[in-house]
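> Sequence:
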Amino acid sequence: MLYRAQDKDGTSRLGYATSSDGLHFSRRREPVLAPQADYEKNGGVEDPRLVRIGDTYYLTYTGYNKHDAQLCLATSRDLIHWKRQGILLPAYQGRWNVGWTKSGAIISQKINNKYWMYYLGTAADKTDQMGIARSTDLLHWTDALSKPVLPRRVGRFDSRVVEPVINEDGILLVYNGADDRLVYRTGWALFDKMDPTKLLARSDEPIFVPQQSWEKTGQVPNVIFVEGMVRERKRWLFYYGGADKYIGVAASVDEHESGRKLPSR
Numbered sequence: 001m002l003y004r005a006q007d008k009d010g011t012s013r014l015g016y017a018t019s020s021d022g023l024h025f026s027r028r029r030e031p032v033l034a035p036q037a038d039y040e041k042n043g044g045v046e047d048p049r050l051v052r053i054g055d056t057y058y059l060t061y062t063g064y065n066k067h068d069a070q071l072c073l074a075t076s077r078d079l080i081h082w083k084r085q086g087i088l089l090p091a092y093q094g095r096w097n098v099g100w101t102k103s104g105a106i107i108s109q110k111i112n113n114k115y116w117m118y119y120l121g122t123a124a125d126k127t128d129q130m131g132i133a134r135s136t137d138l139l140h141w142t143d144a145l146s147k148p149v150l151p152r153r154v155g156r157f158d159s160r161v162v163e164p165v166i167n168e169d170g171i172l173l174v175y176n177g178a179d180d181r182l183v184y185r186t187g188w189a190l191f192d193k194m195d196p197t198k199l200l201a202r203s204d205e206p207i208f209v210p211q212q213s214w215e216k217t218g219q220v221p222n223v224i225f226v227e228g229m230v231r232e233r234k235r236w237l238f239y240y241g242g243a244d245k246y247i248g249v250a251a252s253v254d255e256h257e258s259g260r261k262l263p264s265r
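Heads up: the sequence shown begins at 1 in this note's numbering, then just goes up one per residue.
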């Protein structure tokens with residue numbers, strides 16, 4: 001697992017932890033990615049999303065320097081040693097995303113001879129919505145549309161924020177939505193596997209909501225923020241942030257588990 005952690009000054013770094021059962025984790029003592037570049041300094045590195053393509057791991061993350069947040073990329077062969085590849089989508093320069101860029105979720109297989117990535121951008125009305133970008137080499141990306149691929153919905157659980165996490169069965173996109181009170185809940189959206197810009201279906205109601213006390217109270221209250229999803233035999237596991245203070249895991253309902261903090265040592 002790659003996870004985000006903050007020091008006493010609020011600077012974010014990415015840590016590395018391992019587990020044999022998906023529940024009990026041992027943390028590496030030192031971070032594997034710490035702020036170094038100008039676009040990361042003082043704020044840090046956040047929002048990790050990981051995909052393996054060939055024998056290389058591609059890590060999209062947010063570089064934050066206390067002024068701007070921008071979607072960045074690093075690559076690795078072992079998950080420990082990372083090479084920065086720079087900013088993928090600069091802030092303030094998009095076709096519709098006129099503010100910050102964050103949280104890229106890359107599809108691991110090419111579609112129509114291109115790689116595709118869902119990401120979070122800030123629209124002109126100051127809401128955070130989901131866009132889609134394309135690339136031929138995984139390093140240089142451009143917006144595929146002049147509007148969000150998954151827009152916010154007024155009066156719904158995703159009226160303010162729509163932020164991607166991906167599972168490629170279909171293309172099924174799990175996303176973090178926030179309403180006008182910035183309560184975060186989880187939804188899903190299904191896109192055409194031959195045209196990742198074409199939305200086929202979308203959840204009317206959230207599938208995962210803050211319930212536990214440690215999800216409702218913390219650094220940022222009323223937040224469950226899914227960042228990773230793993231298939232384990234007959235169940236799915238969500239790994240998520242709780243109130244920006246804890247890391248939790250939730251299992252699909254048929255396994256009768258949900259919302260527990262991860263033990264670590």
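Treat the hints with care, since some could be wrong.
Think about it this way: if two alpha-carbon atoms lie no more than 27 Å apart in a straight line, the pair counts; the simulated DSSO-like pairs of lysine-lysine are [what the hints assert, rightly or not]: (1) 193 <-> 66; (2) 114 <-> 83; (3) 126 <-> 234; (4) 198 <-> 245; (5) 126 <-> 216; (6) 193 <-> 234; (7) 193 <-> 110; (8) 83 <-> 110; (9) 198 <-> 147; (10) 66 <-> 110; (11) 114 <-> 193; (12) 41 <-> 245; (13) 216 <-> 193.
Think of the hints as simulated: they come from the structure by calculation, not from any bench. Please read these numbers as outputs of a predicted model, since none were measured by experiment.
> Of all the hints numbered above, which does this structure not satisfy? Sort the numbers upward.
1, 3, 4, 10 and 13
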